[in-house]
Amino acid sequence: MSLRSPLGRVRGLGSAKEGVGHWWAQRLTALSLVPLTLWFCASVAGLAGADYASFRAWVGAPVNAGLLILLIVAVFYHAMLGVQVVAEDYIHGEGRKLAVLLITKALAIVLGLAALLSVLTILFRG
Amino acid sequence: MTTQNRPLSPHLQVYRLPLLALLSIGHRLTGLALTFGTFLLVWWLVAAATGPEAYATAQAAISSVIGRLLLFGWTLALFYHLCNGIRHLFWDIGYGYELKAAYASGWAVLAAAVALTLLAWVWGYAALAGGAT
Ligand code: HEM
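Taken in order, these protein sequences are the chains called Y and V. Anchor point for the first sequence: position 107 equals 107 in our numbering, and the numbering is continuous, going up by one each time. Anchor point for the second sequence: position 100 equals 100 in our numbering, and the numbering is continuous, going up by one each time.
Here chain Y stands alone, though its shape is the one from the complex (with noise of 0.2 Å):
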């Protein structure tokens, strides 16, 4: 007797591993992308030359940072599948995929990061 179930057990052995799991998040991030960066060119576009105080203005509105918070989500997150995925197809090495793995990894938390505090910065100090 175990404590793992036989289901338990064997899930994610086989040759994908996780991936299916992958494929879902890169087409949902993809899909809700569709709209967020739509909405984010032409917000961006109609903020052509803004000043400090009216980009301030911009992003601490709360539509606007909620948005942005979700942008910013999403691309990191698709961003981070994308690369591992074109990372694996092209470098056979383990111990360099695995490096350039966790680099990629890495970069997209602490980029997202340093994004979605800059937003909430703006959005709760005005």
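A couple of the hints might just be wrong.
[Claimed, not checked] Pairs of lysine to any residue residues, derived as SDA-like cross-links and limited to a Cα-Cα distance of at most 25 Å, are as follows:
no. : chain 1 : residue 1 : chain 2 : residue 2
1   : Y       : Lys-97    : V       : Trp-91
2   : Y       : Lys-105   : V       : Leu-40
3   : Y       : Lys-97    : V       : Asn-5
4   : Y       : Lys-105   : V       : Ala-21
5   : Y       : Lys-105   : V       : Trp-91
6   : Y       : Lys-17    : V       : Trp-91
7   : Y       : Lys-17    : Y       : Leu-117
8   : Y       : Lys-17    : V       : Gly-37
9   : Y       : Lys-97    : V       : Phe-36
10  : Y       : Lys-97    : V       : Ala-112
11  : Y       : Lys-105   : V       : Phe-36
These are calculated hints, taken from the structure and not from any lab test.
Add chain V with the ligand to chain Y, keeping to what the hints say.
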């Protein structure tokens, strides 16, 4: 008979990549270009959160000639990747695999990407001219 020096197929110096292959690698290349573009997005937001001087520095870099060229490239990359991404999503649910359909959607993606890019830049310059708010 020598078999050593025969051209391999596809021999990249004499082989014109078909449209569908170019569109396919284009999705990957624009995805990577956009990923590098996120550095600019983060810089811009962090600068705005930091203060007026930092924001002015970022704004000056973005509106320089090189900044604008990069931004234009990223706009085109984003709209290409977006439109072709929708094409990918239709494939994922099983539509558009007929060769004729794949070519038609490919051309449509190229046209839409160029049109959306121009629209965004006309919009941007109109906002710039219409009194900088
Ligand atoms: C705007 C809406 C977007 C849509 C609809 C979209 C769609 C997609 C789709 C469907 C794929 C999978 C392609 C495949 O099956 O090979 C993909 C891959 C990828 N995307 Fe996006 N994407 C979007 C935005 C972005 C953004 C903003 C970035 C970067 C910041 C990005 C980076 C990538 C990367 C690096 C890949 C991997 C490329 C590959 O595997 O060849 N995407 N995208």
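Hint-by-hint comparison with the structure:
1. Lys-97/Y with Trp-91/V: Measuring from Cα to Cα gives roughly 29 Å; hence the hint is violated.
2. Lys-105/Y with Leu-40/V: 18 Å, holds
3. Lys-97/Y with Asn-5/V: Status violated; Cα separation ~34 Å.
4. Lys-105/Y with Ala-21/V: 29 Å, violated
5. Lys-105/Y with Trp-91/V: Answer violated: Lys-105/Y to Trp-91/V is near 28 Å, above 25 Å.
6. Lys-17/Y with Trp-91/V: 23 Å, holds
7. Lys-17/Y with Leu-117/Y: 33 Å, violated
8. Lys-17/Y with Gly-37/V: 30 Å, violated
9. Lys-97/Y with Phe-36/V: 19 Å, holds
10. Lys-97/Y with Ala-112/V: 36 Å, violated
11. Lys-105/Y with Phe-36/V: 14 Å, holds
Of the numbered hints stated above, those contradicted by the structure are hints 1, 3, 4, 5, 7, 8 and 10, listed in ascending order.
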